[in-house]
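From first to last, the protein sequence lines are chains A and B. First residue of the first sequence: 2, per my numbering; consecutive thereafter. First residue of the second sequence: 2, per my numbering; consecutive thereafter.
Since the hints were derived computationally from the structure, they do not count as laboratory data. Possibly wrong hints are sitting among the right ones.
Copies of one chain are not kept apart here, so a pair can be met inside one copy or by any two copies together.
[Said to hold, decoys possible] Here are the simulated EDC-like cross-link-like pairs (lysine to aspartate or glutamate), alpha carbons at most 16 Å apart as the crow flies:
(1) Lys-326 to Asp-377
(2) Lys-329 to Asp-388
(3) Lys-329 to Asp-229
(4) Lys-51 to Asp-278
(5) Lys-408 to Glu-178
(6) Lys-352 to Asp-395
(7) Lys-474 to Asp-430
(8) Lys-329 to Glu-138
(9) Lys-100 to Glu-87
(10) Lys-326 to Glu-116
(11) Lys-652 to Asp-149
(12) Lys-337 to Glu-138
(13) Lys-326 to Glu-138
(14) Lys-474 to Glu-426
(15) Lys-408 to Glu-189
(16) Lys-604 to Glu-189
There are 2 protein chains.
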Amino acid sequence: MKRQNIYILLFALLTYFGVAAQQLSSPDGDVIMEFSLNSEGNPVYQIAFKNQEAMKSSKLGFTLKESENLDGDFTLVDSETSTFNETWKPVWGEESEIKNHYNELLVRLKQESTERFMNIRFRVFDEGVAFRYEFPEQPNLGHFIIEDEKTQFAMTGDHTAFWIPGDYDTQEYDYTESRLSEIRGLMEESITENLSQNPFSSTGVQTSLMMKTDDGLYINIHEAALIDFSVLHLELDDKNMVFNAWLTPDVQGTKSYMITPANTPWRTVMVSDDARDILASRMTYNLNEPCALEDTSWIKPVKYVGVWWEMITGKSSWAYTNDFKAVKLGVTDYGKAKPNGTHAANNKRVKELIDFAALHGFDGVLVEGWNVGWEDWYGHSKDYVFDFVTPYPDFNVDEIHAYAKTKGVEMIMHHETSSSVRNYERHLDEAYQFMKDHGYNAVKSGYVGDILPRGENHYSQWMINHYQYAIEKAADYKIMVNAHEAVRPTGIARTYPNLIGNESARGTEYQAFGGSKPNHVTVLPFTRLIGGPMDYTPGIFEMDISKLNPNNNSNVNSTIANQLALYVTMYSPLQMAADLPENYNKFLDAFQFIKDVAVDWDKSVYLEAEPGSYITIARKAKGTNNWFVGNVNGKQIRQSKISLNFLDKGKKYMATIYADAKDANYKTNPQAYTIKKMKVTSKSKLSLNSVEGGGYAISIIEE
Amino acid sequence: MKRQNIYILLFALLTYFGVAAQQLSSPDGDVIMEFSLNSEGNPVYQIAFKNQEAMKSSKLGFTLKESENLDGDFTLVDSETSTFNETWKPVWGEESEIKNHYNELLVRLKQESTERFMNIRFRVFDEGVAFRYEFPEQPNLGHFIIEDEKTQFAMTGDHTAFWIPGDYDTQEYDYTESRLSEIRGLMEESITENLSQNPFSSTGVQTSLMMKTDDGLYINIHEAALIDFSVLHLELDDKNMVFNAWLTPDVQGTKSYMITPANTPWRTVMVSDDARDILASRMTYNLNEPCALEDTSWIKPVKYVGVWWEMITGKSSWAYTNDFKAVKLGVTDYGKAKPNGTHAANNKRVKELIDFAALHGFDGVLVEGWNVGWEDWYGHSKDYVFDFVTPYPDFNVDEIHAYAKTKGVEMIMHHETSSSVRNYERHLDEAYQFMKDHGYNAVKSGYVGDILPRGENHYSQWMINHYQYAIEKAADYKIMVNAHEAVRPTGIARTYPNLIGNESARGTEYQAFGGSKPNHVTVLPFTRLIGGPMDYTPGIFEMDISKLNPNNNSNVNSTIANQLALYVTMYSPLQMAADLPENYNKFLDAFQFIKDVAVDWDKSVYLEAEPGSYITIARKAKGTNNWFVGNVNGKQIRQSKISLNFLDKGKKYMATIYADAKDANYKTNPQAYTIKKMKVTSKSKLSLNSVEGGGYAISIIEE
């Protein structure tokens, strides 16, 4: 087919290369990666897609601390190619079977002057290229300290990018869509406030970074299998449009401490001329190790409600009292404290939530603010901030546990660490055991505020090591983890599927903190979700937050139909119905979709996709013939035209379509939706209008 | 008696004071502390001893970070005086009953401009003055961060001091004896090398600091009950001879994070005209809280031998193999490693030690280097350096445990943390449980090298919190702790008597690293031992280290008689016979003293004492009528004249005197000793010569 053309192209590319040039193509032949050593012995690589240059020649290597750098003077010892093709079954996911098919090139390099060895392992999938550095056990390289990673990603032009500011402590930014050359000028306004933040450069951005070229190529840069290494950011040389790897430093400015044998995480570059391929790609998971847990029967997707949104909006409080200037656990006497009257995690309210969950078939109830310490929980660099086992006087763990059990509902634990990580690790065993003793099988953990040990960053090697420690220890207790403000995922859930969720991006909470851009959710699946699911907490029906809290004028920049669609477009095995029961009770017909929608899938079909503009996905609920379709729409009203040809031929289905009403508007009329039922088959075609910040959701039930 | 004179003197002193001057005297009336507020509202205090000014007017207070300072603008709210007199029984100690008798003054201060409250609690004992700052719970002071402590200790002249360089990471320095004015000039040469060190000033010194005035007053500055606060150092203003408190900073330069209600540790100033009073004082213990453990029956003094000195001297190794450039626990395959042939912690050698211990009646055997990871244990800022449960292939924990049990000997565990403190805390429960499962009841822990979390210091609040955490958790497991390279003790063993030892000073190991000054042990009891016992590891009989390791030319600057005396003069409930069995077997007559000497006491009598010159102590073995006397001598030959009037009148005893031979010399003839037996009574007087770096030891057994 087109293979010939590619070889011709590559020949042209090869003239830039020094020695030892080697090619590796994807199984379908569309993606070609070229590796070589330049005249200084620098490893370099470049990427082509369907005869097009997708990434220019880019250098590879490291500078080291207190040692010779590993960025040049290399010769090729030997190389090895292989092909891998398997299908594996995830414990949960967007489909029940994942194909892992790639061609691999392992190049073994020797630095002549130091007699040290470094390997680079490339894998080329149909959707892109991945590579990692490997440092085998060897006489001249044992311990070493990475000062900087010198990996480059050389763009072919001034692409359009969907980016958030590079930051060592938070990803909770709205995405900016701009040309690469415009990043510098837009950086300052893009850095909005956060309780812990540490931006590093006026052209620094985070991964996963989504781009589009003027030629219609979609390029996504991220990393996979981030284990015991610092987070990869990208710093743009905006003269040359080259992204340089920028690792997150620790308190001493060091990037990562290494001991041979060691591998870095994978660096991934997805490339396609169809944005849907980016969403459909499982490269990130495939680059992670297979499941490390023998028994995964205890890991189950969860649809839940919770005592949370009322605190986020300021209607209620996490804290039990306003009496204390500061809390000293074990000393402060809550028994004598005057309740502030706004504490939401009380027995009565929680039982209401349990009743609501039971009535509507939810699996779980999350309760935040149940444990002592919330009066001064952030902003004080406080070490012993929570003990994770002592409830407030108005929350009876045993009573609630018993009540939930009679209702067939599971309680979901909450561990806010306040980023006091030593304290959390000290209490981890006891806290997890407390969960098991009281019937909790899942925990939402939080890392709000600056890290203790002081001076460490959320994304430095020290903390990556911690998040992993918490996940693995949770697995020992058969506990599922949903970590907020932790590092964004890199596919580790393949290996540890008890990591059922992360926040690690700007979640729905920001809709109560001033609002997010109405097209935010048309970007997230191309960026944040590349590494794993997000606990986005959708399902807000009351967009005017002042209705909950007169002092909060924030608007949820979304329509109800858009909120429903999120249960399909924002894939997660953990889905919250985040609004208050009181608000759902006003729109029980729309709420029906949230009740019906699945949280685990046999199959996903990506119908329409354009980052920042729209995403339409159809998914088949696991173990059923029912399908759910979601469409989220960006900044302009749009007609979505889809075919239902993914349905089984010959079968009949009843579709219920939850769509924006004609006069719906995310600012002025967000609650205007229509619900229409119609019979459909695989031959049906639908044409639906979605407003700005709007969308639609469809349930398709086999008759 | 002399009270009148003192009041006259104090009246004179009081002319310096502004308002609210208050006096507090010791129970015997010899020590007087004066407190007042000066015209700027600064709290100030001064001390007199027997009509002499012992400390000039000195300011008190703090500067805070991101808040108004707490160092002036105070008014007196009220004050309270009281008297306390009790006797308590330590679990182990230099005597079986300790008297705690003091007068107390509590002054309550209000900072007018901020409406914040700070109290200062003074206690005056017969041996000196102690005070601490107390911050009650209050509306305007919850969380606060101490930037600097402004406590002063204003000396009355250019005293002679026995000092080591102020340092955030080590106390392992030889003491320098000099005038205060000479410290600056001598600092550089006093800072000898250490694997982790961080000196901070050319006039910075550590506590406990021992001084002597030209008028013959002995003054000692230290702290007591250091809990969750950073270590106090002293920085000398050598124009005015004023010591300023200098707290150890954390990685961000912060001193201590505080939450009201909170107290600082006690600051102590001992004063006497008899150096023996400093040694006999129990002020430091008395200022600590009573025992926090209900059951202390499992805490027992220990005399032990170990697999240690042969590694310290370089004769043997901690590491099992020389194969590995770096060790990755769980990855590195020790099964395939070639043994280096020098690994001391092997079954055969350890059984020899067990046999030796059993033969000579020792309680325990310490084994270092038993667990995997020693090949790269320091110098690499390595996180996962040890797991504390995996033995080397040539060390069989179960076999050794069983063997030791049949011999009636207990094994002593060793946990080198390499200062990778997160790693240690993560493994602490498992490591302690492993100990209990294998019959270990005591652990020697080590903190060699720079701290992880990186940038923290051995003596910062973060680490003080850790050491305490390890002690308290050990108590939960009924484990005794002997922590090396940890913070020097401040009497916490009263509250947690399972802290049976610390190193935290220049121990015997330095005699194999080039040697210590021959009068080192005549200083330590006045400095390091003020806060608690030291695992000094005495008992070296072979002073020529090249006899053990031809490549090590170090000399142990001591005589055998001096080494024997240390078992009495260096009080510790944990005493090692540190030399090799092979060396003891050559001098079994002298070794008899080590076998006989007790490790716990009913009574101690301080016969002679002059810091840097000599110390002679007699102690009565607990529950017996046997006494043991030790004399250590400094830099000049000296005749020690003692009366045995501490013996029970009318009783007869057999004394065995182990003394320096006439021609003994710590450099050229250290093994020259005499042993003489004689009958003695309470009327006996002895006159014995001790050479430079020498001494004598006497066992006095009731007939």
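Verification of the hints:
Proximity of Lys-326 to Asp-377 under the C-alpha cut-off of 16 Å is restricted to the intra-copy arrangement: shortest distance 8 Å within a copy versus 48 Å between copies. In this assembly of identical chains, the alpha carbons of Lys-329 and Asp-388 lie at most 16 Å apart only when taken from the same copy (11 Å versus 33 Å across copies). In this assembly of identical chains, the alpha carbons of Lys-329 and Asp-229 lie at most 16 Å apart only when taken from different copies (13 Å versus 33 Å within one copy). In the homo-oligomer, the alpha carbons of Lys-51 and Asp-278 lie at most 16 Å apart inside one protomer (14 Å), although the nearest pairing across protomers, at 90 Å, exceeds that limit.
Neither within a single protomer nor between protomers do Lys-408 and Glu-178 lie at most 16 Å apart by alpha-carbon distance, with minima of 47 Å and 76 Å respectively. For the homomeric pair Lys-352 and Asp-395, the shortest alpha-carbon distance inside one copy (12 Å) is at most 16 Å, but the shortest distance between copies (60 Å) is not. In this homomeric assembly, Lys-474 and Asp-430 come within 16 Å of each other (Cα to Cα) both inside a single copy, at 8 Å, and across copies, at 14 Å. Proximity of Lys-329 and Glu-138 under a CA criterion of 16 Å is satisfied inter-copy only: 10 Å between copies versus 48 Å inside one chain copy.
Proximity of Lys-100 to Glu-87 under the C-alpha cut-off of 16 Å is restricted to the intra-copy arrangement: shortest distance 6 Å within a copy versus 78 Å between copies. Taking the shortest Cα distances, Lys-326 and Glu-116 sit within 16 Å of each other only across copies (14 Å), while inside one copy they are farther apart (61 Å). Proximity of Lys-652 to Asp-149 under the C-alpha cut-off of 16 Å is found in neither arrangement, the shortest distances being 58 Å within a copy and 78 Å between copies. For a Cα distance limit of 16 Å, the shortest separation of Lys-337 from Glu-138 across copies, 14 Å, qualifies, whereas the shortest one inside one copy, 61 Å, does not.
Proximity of Lys-326 to Glu-138 under the C-alpha cut-off of 16 Å is restricted to the inter-copy arrangement: shortest distance 8 Å between copies versus 54 Å within a copy. Proximity of Lys-474 and Glu-426 under a CA criterion of 16 Å is satisfied in both settings, with 10 Å inside one chain copy and 14 Å between copies. Proximity of Lys-408 and Glu-189 under a CA criterion of 16 Å is satisfied in neither setting, with 50 Å inside one chain copy and 73 Å between copies. For the identical chains of this complex, Lys-604 and Glu-189 are neighbours neither inside a copy (41 Å) nor across copies (72 Å), given an alpha-carbon limit of 16 Å.
In terms of the numbered hints stated before, the structure departs from hints 5, 11, 15 and 16, listed from lowest to highest.
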